[in-house]
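Enquirer: Please work from the sequences and hints to get the whole structure.
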Amino acid sequence: MSVGKSGSIRDKVAIVGVGCCKFGENWHQSPEDMIVEAAYEAYADAGIDNPQQQIDAVFCGSVYPSRGTAEVAESLKLFDRPVSLVQNYCATGTDAFRYGVAAVASGMHDTVLVVGYDKPKDRGVSGPSIHMNTARGLPMTPAGWFSLCCARYFETYGAGREDLARIAVKNHHNGTLAPKSMLKKEITVDDVMNARMISWPFTLYDCAAQSDGASVAVITRSDLAKNFRSDPVYVKGVSIALSANPQSDPTFDFLAWKPTIAAAKDVYQQAGITDPMKQIHLAQVHDCFTMTELLTYEDLGFIEKGSARDHIKSGTFALDGELPVNTDGGLKTFGHPTGATGVRMIYENVLQLQGRAGERQVKGATMALSHNLGGAPQTCGLAILGIE
Amino acid sequence: MSDQPVGIVAYGSYIPPTRLPLAMIHGGRAKEGGPQKAVAGFDEDALTMAVAAAIDCLAGVDRGAVDGVYFATTTSPFREKQAATFIARALDLRSDISSIDFTGTLRAAAAALQAAVHAVQADPGKTILVIAADARIAAPRSPLEMNLGDAAAAFLVGSGKVLAVIGEAYAHIDELYDVWRSEHDDYLRAWEDRFNVMHGYTDNILAACRGLFAKAGTDAAAYSKAVLGGPDARSIADAGRKLGFAHDKLQDTLFGKVGNCGAAFTPLLLVSALESALPGDKLLTAFHGDGVEVLVIEVVASGFTPQQTIAWYLARGRSLRSYDSYLKSRHLDRGEHDRRGGEGVPATIHFRERDADINFHAQRCTQCGTMHFPATRVCYGCYAKDQFENVRLSDRQGKVLSYSFDYFFPSPEPPVIVGMCEVDNGARVYVQMTDATTDQLRCDLPVEFVFRKSTTRVTNPTISGKADRLPQALPARRWQHERW
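First to last, the protein sequences are chains A and B. The first sequence begins at 1 in our numbering and counts up by one. The second sequence begins at 1 in our numbering and counts up by one.
Pairwise CB distance ranges (calculated):
no. : chain 1 : residue 1 : chain 2 : residue 2 : range
1   : B       : Arg318    : A       : Glu32     : 54 to 60 Å
2   : A       : Pro179    : B       : Gly369    : 54 to 60 Å
3   : B       : Arg354    : A       : Gly68     : 32 to 38 Å
I should point out that these hints are in silico values taken from the structure, not numbers from a laboratory. Note that the structure is a prediction, hence the values are computed from the model and not measured. Note that beta-carbon positions come from the ideal geometry of N, C-alpha and C, so glycine has one too.
Expert: This is how it looks when you write it as structure tokens:
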């Protein structure tokens, strides 16, 4: 069965400007403050001096919007044009980007603003809120959902908590090099192992933080891109796949996330990727929990199923490794304002491809991937960008 | 009317696995083998214990053959709403049956048993399930708390091939305040101990038993055993002696192991007596509360073995770590978990999901056999729409596919152990696990399912702001793993 096959949008759309506010517990900032900070950085990056004339449509991604589309339109005073809100769990940012890309590729709009943002810290909780709105009385915590693969994976492939801890250590290190990350603190494997348990086997340091943030991308038709800047980044592929809920899927094996596998198949086809380990030079993947990143190495086909443990030990995915993953410190150090995350990853990949990533620059990178995984988890968003 | 004998055709019991060593109540250290009491866990109450005892009783019984549920308790989770109906659904019984809560008095089970006998006498084909369960709360560290325990017992009453005939009965009812709980009392109240024993208990049990002796033309010698309920071990022993029973003719009252389990006290002792009784034994069975009622139980057959014996339940006890953990589990201290977020389960969702949550039904696709839990409309396996039949999971075995321990989710006994379990018919259920410790968990571990209380509550749409103060804890919706 061939499903979800996308027509090729490769190289039809380019990113000409990106912006990102500093992520964190932004008590001092409203959503408007963060959206304006990120959008005006992106405008400057794209050389846009009259956004009211130059932006044709806006696609917003937010999971906890207080006022929906108006929140963005009023913040940026972008009126009398299409403004839409996209939601797709933790893949919200990537899906808002996908809508924007499709709108440009179809010829409907020339230049589109993609705005990912969320402000969970206005909800008064330090972690995710806890709901028991179904009768089966299960912990509705993301850590509880994402940890469910660990026991079975550990028993099958011999990995363990230390392997997860090394992922957290790597991402914390990378985060110290990213100006806009929230946590700038080196940690050790022992720190992770000895921290407070949240949902076995995840301690506090295995979990992404909660933060506020906004990130913005300006995209346009490829033939117009050089009017904005000389080194545009091209969209090679973008995909979303939604799979069965692992909690009710009768065939789920607790060793891999199905939506990542499905979305990867589609996006690789769009981008012409046949050997992801070689053709992709860096990746931002969804490390809401360390185990998510571990499984994603395998589910994206970077390495063989079950071999993540060896690659973590040998540093394959470290900043100086064969395929650096989460070069900016990932959700681990940026936190996860849900709608912003996918766009924040695109921000990092654009900087890396344009050689603007400072101390954390991956040399010679021309193809970069970003990945979100959300829900129980059920939905995966992928975007592949290239400079050539 | 028929002259077929009417009585007990099957029985079962339930004693929760949690034990509170009595020494802990006053800050002492628990000694190995020291006196203790059985207490309902944080996810248990009278209703869930009733379900557990009934399942024990109904092993091998066609659930479709049960014509009534009579539930005796003083601690129903509801002031208005019938617990027997809830129990019937959890047991997956028919809906054209009679259901009655017998409540308000500790001797409620005597009335329930006699009502069941009368119903079967009136319509001899019938079988009635009589269940008694109680989980009473005394003020922390009060003398009463030392004596109380929690448990449940169940009897299937029918005619024809009975194990024991429920025979002669005599009642001596009496109005006084010895132990009581009024509309707005959180804890049981009790008058002075000597008054309670003398007038509340001894006067009444002597009057009831002597009344029965006179009515039946018997004395203590006519009975092989006296199964006497009462407030404490010493008062019961005194009453037995005054009635003429030698010490070895008194049924062990399980103080120091279980405690006085209220409306389930005499029923639990009766189960214990039946487990070792022989055909021809006559049991003088006394139910105490607002007076005393006495029933004569005449054992006519042997060979019935309950699924779990009282001895089995007693042997599997697990001591609480501290008195504090007991207080938390019974919501007797205001811990952090009381402030948890969420508004609970809307009554409409409870209503729609009863088949899954209370009957514990999965759906089997009639086209391809794929099992689904909870219910869905389109099959995961073959995409057929609405081609399902319900299959009960509650009496099946399963195994753990994967699991985790959630320390973040508020619970009186963290962590919450969550397990993705596969039932032996292929259904998968994502459930909280109970009576388990983290070091026991591994993939492929065998599990069973038990009916337990959920820690959430039903929302009341009209006064949701006051939800905390309403007696609407929704019990008993988790079908969880238990016995190892």
